[in-house]
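S.K.: The lines below spell out each chain.
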Amino acid sequence: MSSRPNRFILNSDYMSLAQAGNQEIDIVLPAGTSISGLGYVTKLVNLPAVKGAIPRYLVSYETTVYNMETQQTETKTVTIPTEGMFDIWSSNGLPHYYVLFARPDKDKLRVSAQVITQSGNQPFDSITFKLRVSYMYPPNL
Amino acid sequence: MAQNLAHFMLNSDYPMDKVVFYKQQQISLPAGSSAITFTIPHSLLFTPLPIAIWSEDEDFSSVYGLDQLVMAPRMTLVKADATNITVSFTPDSGTAYTGYLRVYGLLPANATQEAAPTVRQSAKLVFDTDKIYCPLIFSGLITTDFNPNNVAKVNVTHGYKELTTQANRVEIEHNLGNYPFISFWREANGEIKAGNYVTFQPGYPLQYYSYSDIDKCGFYCGQSAGQDKWHIRIYANV
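Protein sequence lines correspond, in order, to chains A and B.
The numbering of the first sequence is the working numbering, which starts it at 1 and goes up by one.
The numbering of the second sequence is the working numbering, which starts it at 1 and goes up by one.
For the record, the hints were derived by calculation from the structure and aren't laboratory data.
Careful: at least some of the hints might be erroneous.
[To be verified] In silico lysine-lysine, DSS-like type, Cα no more than 25 Å apart, as pairs:
(1) A/K130 with A/K43
(2) A/K43 with A/K108
(3) A/K130 with B/K216
(4) A/K51 with B/K23
(5) A/K51 with A/K130
(6) B/K229 with B/K216
[Stated by the list, open to error] Computed footprint of chain B on chain A; a stretch qualifies when at least three of its residues, placed anywhere within it, have a C-beta under 8 Å from a C-beta of chain B:
(7) 14–26
(8) 53–60
[To be verified] Which chain B residues face chain A? A few, computed with CB under 8 Å, are given here:
(9) K18
(10) Y22
(11) F38
(12) T118
(13) V119
These numbers come from a predicted model, not from an experiment.
C-beta atoms are modelled at their ideal positions from N, C-alpha and C, and glycine is treated no differently.
Next comes chain B alone, as it looks inside the complex (with noise of 0.2 Å):
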């Protein structure tokens, strides 16, 4: 990669991730239709922010997410509760593979417990200039209530604004001019669930996808009534 003196950007004004969890290990998916999970403990005090990439690679040259719908192998769902990060795949039907898998756990902005050390080198996170640091313009936990009038009321901490917005939709007001990258996940039931990703529904075709424009940014939650809450991740796309 070549050496770019705009490359390297740490901004002070905003907080960053943290990664609280790491791992990597070998899996086996072996050929058939039956669903492979793979349960991973994370030992951390609290649930974290789930994040999963495999590979059939060792040193990840070729690197898979979560994957709904075609390929095969695929990576299904990504969950995590407050002991294990939990990994499903499909497997393809006729042939068996060997892959590897890497898990991030990221703090999520609620959590008050310690949590070990990640860093991998002389105890200190070491930056390198050739990156970007992205800011995180949002971080947060929202939580969305739809009323028999299937409003959304979302409420946004960090001087964001709250939005009233349709159903099946969280909206973020954040008028910064260009795109910023959104992720999500959606806590229930002690769970939190990656949320980047669709699902296929015959007649009411994708759900849980993102988007993003130059003044709001949101996602579609395929929630039409009820209470959910949903941790939300907005960086800054430089």
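Here chain A stands alone, though its shape is the one from the complex (with noise of 0.2 Å):
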């Protein structure tokens, strides 16, 4: 990639997001378990604290995946960003959808995830997501 010299914008007047560090880990959530309506699987995982930072996601995963727009599955592996939690649409005969919730409390990070279905109540695979957290704040603070 060439650099363009006046790309860069520095302003010593503002504050800017610094990333303060980041962890990745394996959460594997266990295999039939069967989850309706608000039902959820909570694992706690240890990650170092940082105060007052905002906390952001990727989450990689391989599973099937419910493709919407061509109505076939297709197995792979996508990394999903967000700030506190996300979806995954996959497969496993019908169609499931999982929801996991990623919200740092103290020096622990609480993980949660909720299955839905489309019949409501079918049980669902193992499913092991790697996680990781970047903790991004402004400096000057």
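Two chains, two frames, some hints: make the complex.
M.R.: What follows is the structure, given as structure tokens:
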């Protein structure tokens, strides 16, 4: 990539966001649990505390992804960034809708998963998420 | 945090975010079921891109962001207009909470007006070499126009490719080979609304969530017709 000298903008009058560290962890949600409605699976993950930082999440997983456009399924790795939670559309015979919530709580990250199915009460397969959490905050605070 | 020579990174090929507004205040979240809204004047000459976090601890040893579905109390809406940044909460039904709210405003890519400095130390921005200053690989305002065939035409400046995507999706090709972070805000009716959250709707479960891949990233925007404006920030993930 070529550099463009006039592209860089640094204004020392203003704070900017900094990345204060990150951590990558694997989270395995067990199979076979039948959850309907507002049921949850929750994992507590130890993470370094970064006071006042805004967490951002990148989540990778391998699963069968229900393709809404073609109505077909395919296996792939998807990474989803979010600020607090994200959803995964997958298929295990029937389309399953996964929701994962990642919420910092003191020195731990509380990761909760919700599974929603079209039929309302289908068991779901075990699934492993690779979760990378980065902490962002403005300096000068 | 351990010192690491590799931590500090500032890439002069790319711009950085400018925080043009910052405020922290204590908030009371009484028990109940009615939404609680806090209105914070920003005194800027433009509408900023709002970000908010809240905590039960004054030192922010716990940090909570937008949360649409489960937790109580939860912060459900962050938006800005020409005058205020507005943050709404859904309280816990049985327990009152005291919390602390931090609100930030980022400079939109299309803003040209001046703003008061936000730095707090010696009137200069102080870099911390323990940290990484994420390059903005894309920062801009795009307009989506979903025609009757449910095709979105996304116009992206700064050399990034214009993509044609299916309905309800905004997608940007970056070809970085890794997974960048993406943040987005929706501008409509004079308001800019933070959009990195999902909305639960029966029968159409989730909207407004972002995704990232090694060659493109984007978000589902819940739009199927008409024009919308989206402020987008894509940060290198280092």
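S.K.: Check whether the Cα positions of B/K229 and B/K216 lie no farther apart than 25 Å.
M.R.: holds (20 Å)
S.K.: Please check whether B/F38 passes as an interface residue: C-beta within 8 Å of a C-beta belonging to chain A.
M.R.: violated (18 Å)
S.K.: Are 3 or more residues of the stretch 14–26 of chain A near chain B, judged by a Cβ distance of less than 8 Å?
M.R.: The restraint on the stretch 14–26 of chain A holds, since 8 of its residues have a Cβ under 8 Å from chain B and three suffice.
S.K.: Double-check B/Y22 for me: the hint is only fine if its C-beta lies closer than 8 Å to a C-beta in chain A.
M.R.: B/Y22 check passes; min Cβ-Cβ to chain A is 7 Å, inside 8 Å.
S.K.: Classify the hint on B/T118 as holds or violated, based on whether any CB of chain A lies nearer than 8 Å to its CB.
M.R.: holds (5 Å)
S.K.: Holds or violated: A/K51 with A/K130, Cα cutoff 25 Å?
M.R.: Holds: A/K51 and A/K130 sit about 23 Å apart, inside 25 Å.
S.K.: Hey, A/K130 versus A/K43, does the alpha-carbon distance stay inside 25 Å?
M.R.: Holds - the C-alpha atoms of A/K43 and A/K130 are around 13 Å apart, at most 25 Å.
S.K.: Is A/K130 close enough to B/K216, meaning Cα to Cα at most 25 Å?
M.R.: It holds: about 19 Å lies between the C-alpha atoms, which stays within 25 Å.
S.K.: Mind taking a look at whether chain B covers the stretch 53–60 of chain A? Criterion is 3 or more residues with CB to CB distance under 8 Å.
M.R.: Result for this restraint: holds, n = 6.
S.K.: Take the shortest C-beta to C-beta distance between B/V119 and chain A; is it under 8 Å?
M.R.: Holds. Min distance 5 Å.
S.K.: Within a Cα-Cα threshold of 25 Å, do A/K43 and A/K108 meet the stated pairing?
M.R.: holds (10 Å)
S.K.: Should the interface hint for B/K18 be scored as holding, given a Cβ-Cβ cut-off of 8 Å against chain A?
M.R.: holds (4 Å)
In summary, the one numbered hint that this structure violates is 11.
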